[in-house]
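Engineer: Taking the hints into account, I'd like the entire structure generated from these sequences.
The listed protein sequences correspond, in order, to chains Z and X.
For the first sequence, my numbering assigns the number 8 to the initial residue and increments by one for each residue that follows.
For the second sequence, my numbering assigns the number -11 to the initial residue and increments by one for each residue that follows.
I should point out that these hints are in silico values taken from the structure, not numbers from a laboratory.
Be aware that one or more of the hints could be misleading.
As the list claims (entries may be wrong) - Non-contacting residues of chain X with respect to chain Z, defined by C-beta distances greater than 12 Å in every case (computed):
| # | residue |
| --- | --- |
| 1 | Leu11 |
| 2 | Ala59 |
| 3 | Gly92 |
| 4 | Ala149 |
| 5 | Val157 |
| 6 | Arg169 |
| 7 | Leu180 |
| 8 | Ala182 |
Claimed, not checked - Facing chain X, according to a computed beta carbon distance under 8 Å, are these residues of chain Z, among others:
| # | residue |
| --- | --- |
| 9 | Phe64 |
| 10 | Asn85 |
| 11 | Phe93 |
| 12 | Gln95 |
| 13 | Gly111 |
| 14 | Arg114 |
| 15 | Gln117 |
| 16 | Ala236 |
Each residue gets a CB set at the ideal place from its N, CA and C atoms; glycine is no exception.
Residues per chain, in single letters:
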Amino acid sequence: MSRDNNIAVDIQNVTKMYGDVTALKGVSLDIRDNEFFTLLGPSGCGKTTLLRVIAGFEEISNGAIILYGQNIANLMPNERPVNTVFQQYALFPHMNVTENVMFGLLRLGQDRANAKTRVGEVLELVQLSDFADRMPSQLSGGQQQRVALARALAPSPKVLLLDEPLSALDLKLRQAVRLELQQIQNQTGITFIFVTHDQEEALTMSDRIAVIESGQVQQVGSAREIYEAPKNKFVADFIGKTNLLDVSVTDLARGKGSCILPGGVQITCPAAEGAHAGSGHLSVRPERITITALGKGLVQGTVARHIYLGTDLHVEVNLVEGGHVTVRMQNSTQIQIPKVGQLVCLDFEPNFARLLVD
Amino acid sequence: MMSEKNLDLRYFTGFLPLTLLCLFLLYAPLIVVMVYSFNDSNSITRWDTVSLRWYYDVFYGLEAPKFKAAAINSISIAIMAATSATIIATLAATAMLRAGRFKGKSFSFALINLPLMVPEIVTAVATLIFFSAIGFTTGYLTILIAHIVFCIPFAYLPIAARMEGIEGVYEQVAQDLYATRLQAFRLILMPLMAPGILSGFLLAFIISLDDFIITNFVKGAGIETLPTAIFGAVKQGIKPNIMAISTLLLVVSVGFVALSYFVGQMGEKANPTTKPKGD
Ligand SMILES: Nc1ncnc2c1ncn2[C@@H]1O[C@H](COP(=O)(O)OP(=O)(O)OP(=O)(O)O)[C@@H](O)[C@H]1O
Ligand SMILES: [Mg+2]
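Structural biologist: See below:
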């Protein structure tokens, strides 16, 4: 792994055990300076644990955590120049907004006058200047969330950790706050490590995403890389919706593979690293598939049902050879929708399909 | 709906008379004492007219110096015992609830709270034997030590209940924001604990102020607290001034218990464990 200066956090082979439970299994990650980095994975996969390990609330069983060149694995939480926005916000209930935001600055030894100026700046950044004297119990959920953010930003940490900070907000507010968070990250230049189990949130906000499953990193990459070139079945399935066709792989060379589709048609398409000959899985995204006239496509099946989604329409097709495929169509009047029970052919551009490692 | 109503305890035959009987047994003696403390008569049973004569007697009568000395002992002991017990109980609760899991935790819990279950007479005898075994002369100091000890569980209960209600995440946030563990304790946990601590102090204070059995065993000759002084006076026949002094003690006790309760309520209202509200 590269050791250049622009690595903010270098997590090396970190393992965390809770008794017999292995919450993190040899996790290695490089998080770049000034990056919006997201940890994405299903519930219980170890996202919170990894954040707590970086913040210093959990001792690690093995490995190292290098923050800008310094191993911080043995430092106490208060000795680490990272701050956390906790999922429950946990604003100090006996302090008003200003006192909450000032807390970290005072502990760092700033005098009250300077701290007060800084609090003003940060509250402006999160658009809460008018609420400086309120108590936490007098704030809405969204406002509490911003105070928690301001409180963590005030001491200008080198890295900001955010544990599902938007999950308690309703959809509209969540979308607005997403944009704000991105803007704040741009303005401050602080490295963000953001935890979520919401793939849409991850795709729209992040510079890079680490997909985690059962305490192991499955893939790291930009939203586009992870969506377009998933490494394995888990990633393909977890990020967006995909169709997995049972195929038999015949040839593999330089990132390309030949395979035989159900029904016998042979195609050549991109293959994930580690794919091997024999029976395998081909991932095709629902929006890449079109329904064509009989005899013109790559596979054949009968329409099982329609799912109406407003802007889109999903057509589920049962393949003649078994298995089913979802086709996503735009809900416009020009498109002819095949009827349930109708025999259809499905077509897709092989370049947009991908052979996966199981 | 009808059947639900019929199942309600309040509609059982005899519920009302039984309730009234219980209330009567509980409060009749107290009310009699309170009412007769305002009696002008020398007799404790024959009603004369309303007067504050016996209250005057408590403060300025023949026995006034004795009661005054006893009251000063009682109050000074109660203040010191409650303060010490509250400090010890706060530290114990912090260790029990904030030090993570440790060996013998449930044993420690039992150890702290067992005195509540042990018959007071047993504690009294044991304490006396202990003091004489180590050659301690009985007096003010032995009363104080004994009071500190038996007040600890009473102070511990409200303090621990409060601390249990405060999520550990606040202290973690504080540490994340560069507070040392001590600062997190002092600046975050202590202020959030304040109602519990005050409530524990008041409870310990009143327990100490009211104690008779243990005090009577360990006090030795020549020193009295208010309850032992009252007991001593009653042995020579009940005079109406006892009713006046009992009423005063009752008012103080009820006042403190009520205060302890309201302090606890106040803490609940400024509930620190409130989850973030949705919009
Ligand atoms: N204190 C603990 N003691 C024992 N096991 C724990 C503890 N904390 C977490 N675990 C276990 O470690 C695993 C990872 O937990 P973690 O909280 O990191 O999940 P997560 O990815 O944050 O999930 P979620 O999205 O639900 O918050 C889980 O299997 C969990 O049961
Ligand atoms: Mg979590």
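Engineer: Now look at each hint and say whether the structure bears it out.
Structural biologist: Going through the hints against the structure:
1. Leu11: holds, 39 Å
2. Ala59: holds, 37 Å
3. Gly92: About 20 Å separates Gly92/X from the closest Cβ of chain Z, which puts it past 12 Å; holds.
4. Ala149: It holds; Ala149/X is separated from chain Z by about 17 Å at its closest Cβ, greater than 12 Å.
5. Val157: violated, 4 Å
6. Arg169: With a cut-off of 12 Å, Arg169/X comes too close to chain Z, as the shortest Cβ separation is near 8 Å.
7. Leu180: violated, 6 Å
8. Ala182: Ala182/X not clear of chain Z: closest Cβ-Cβ about 9 Å, inside 12 Å.
9. Phe64: holds, 6 Å
10. Asn85: holds, 5 Å
11. Phe93: This hint holds: Phe93/Z lies near chain X, its Cβ roughly 6 Å from the closest one there, short of 8 Å.
12. Gln95: holds, 6 Å
13. Gly111: holds, 3 Å
14. Arg114: holds, 4 Å
15. Gln117: violated, 11 Å
16. Ala236: This hint is violated: Ala236/Z lies away from chain X, its Cβ roughly 37 Å from the closest one there, beyond 8 Å.
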